[in-house]
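Number of protein chains: 2
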Amino acid sequence: MTVHRHFDKELSLLKEKLLTMASLAESMIHKAVKSLMERNQGLSEQVNAEEKKLNLLEIEIDDLCLKLLALKQPMAKDLRLITSAMRIDSELERIGDMAVNITQSVAVLIKQPQLKPYIDIPRMADLAQKVVRDSLDSFIKQDVKLARSVLARDDEIDALKDQIFRELLTFMISDPSSIQRALELILISRHLERIGDHATNIAENVIYLVQGKDIRHHIEEVEPRRHR
Amino acid sequence: MTVHRHFDKELSLLKEKLLTMASLAESMIHKAVKSLMERNQGLSEQVNAEEKKLNLLEIEIDDLCLKLLALKQPMAKDLRLITSAMRIDSELERIGDMAVNITQSVAVLIKQPQLKPYIDIPRMADLAQKVVRDSLDSFIKQDVKLARSVLARDDEIDALKDQIFRELLTFMISDPSSIQRALELILISRHLERIGDHATNIAENVIYLVQGKDIRHHIEEVEPRRHR
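Just so you know, the protein sequences line up as chains A and B, in that order. For the first sequence, the working numbering gives the first residue as 2, with consecutive numbering after it. For the second sequence, the working numbering gives the first residue as 2, with consecutive numbering after it.
Incorrect hints may have been included.
Ranges between beta-carbon positions, derived for each pair [what the hints assert, rightly or not]:
1. A:Leu170 - B:Ile141: 38 to 46 Å
2. B:Asp121 - A:Ala153: 37 to 45 Å
3. A:Lys10 - B:Gln74: 16 to 24 Å
4. A:Asp127 - B:Pro123: 34 to 42 Å
Just so you know, the hints here were simulated from the structure itself, not pulled from any lab data. Don't be surprised by glycine CBs; every beta carbon is placed ideally from N, CA and C.
Using the sequences and the hints given, assemble the complete structure.
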């Protein structure tokens, strides 16, 4: 009894740490894009500082998972929960990397005049933040419906990325002086798209965890998903 | 005694399956870039077919790992070996995704006249294949030195990516009709670079596995590594 109660406490701690990671990742996406919108280098620096915290959390969570696996020897569902947590923390860490990558493009962009009003990029960023949050919530609540909604919204993010690409291509062709800035904006849209892919990976993991079937590759009616 | 021998046999099977995944991933990189060089769409189709095999192998390996964790309740080193295998198969699967992404750019490129002779892209592809193979070999042989050499060569791949970017930027600026092809070549170089990043992740995992210390983030003298 005491052993079980202790184990439950450690699982709660694990979930709490994953939620902290997700909040941090969300905040990094928000600040990275705000840094572009407000041409504010200081916000980019905050993102870089936060990445270090995110990395430490990943290590803490992995250590906790290994400890739980070794000491508690969990079976079935708990085992899958813990191995999922080890995958999810690595997805969240990569989301942080993408936010840092965005700040690198922002650094180039805010040294030059703004190419165009930014409309689709903040929309993509909002969507990206929401799917990150919802993918984690779906894990915590074991909510397959919410996890599936992440998959659907990732398709919207992909469509925005394609739209941004086409628009910037016409900018580049009509005005070669816009090429470098357009390229950086294309890169930002791709980083945001990859954030959506990482949230999708988390959501697919949740569906697997709850339903015990693997939807990562073709097994269901969903289109095969790739990390583009 | 028999239990141990059986466990060793299952660990060997696990390693074998990971090596099969790595060979397949290598072959996909090779064919994707050969498809560009030889303007041969058929090779791209082979890559797409091979991705399905890679995905199935990932699921098989995950299932085997979960089975080993649940039934054998391994301790310490074996536990870390198995959780590492679950990370490594997912890196290899993503390497396959990158090869598929390359074929998507190739499909666009081979419909148009070749923009320039390709020199750096096949060099990047060779390097990428080698780091994939060596990262897996370092896992199988538990060879930290080999794992560290992967980290060093990933820096070469990154440098080539920057060189390709700069060169293609000048193409785009001097000739707007080159923009679309140049963009696709930039994307290919980024996919190859990400393959290097995935191999780096595998190598870092090996160093952690052997030395029991986490070098993923700052803990050693190495530069923090990101998934760009």
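Here is what the structure says about each hint:
1. A:Leu170 - B:Ile141: 38 to 46 Å: holds (45 Å)
2. B:Asp121 - A:Ala153: 37 to 45 Å: Since Asp121 of chain B and Ala153 of chain A have Cβ atoms about 39 Å apart, the given range 37 to 45 Å holds.
3. A:Lys10 - B:Gln74: 16 to 24 Å: holds (21 Å)
4. A:Asp127 - B:Pro123: 34 to 42 Å: 40 Å Cβ-Cβ, so the 34 to 42 Å window holds.
Hint check: no violations occur; every hint is consistent with the structure.
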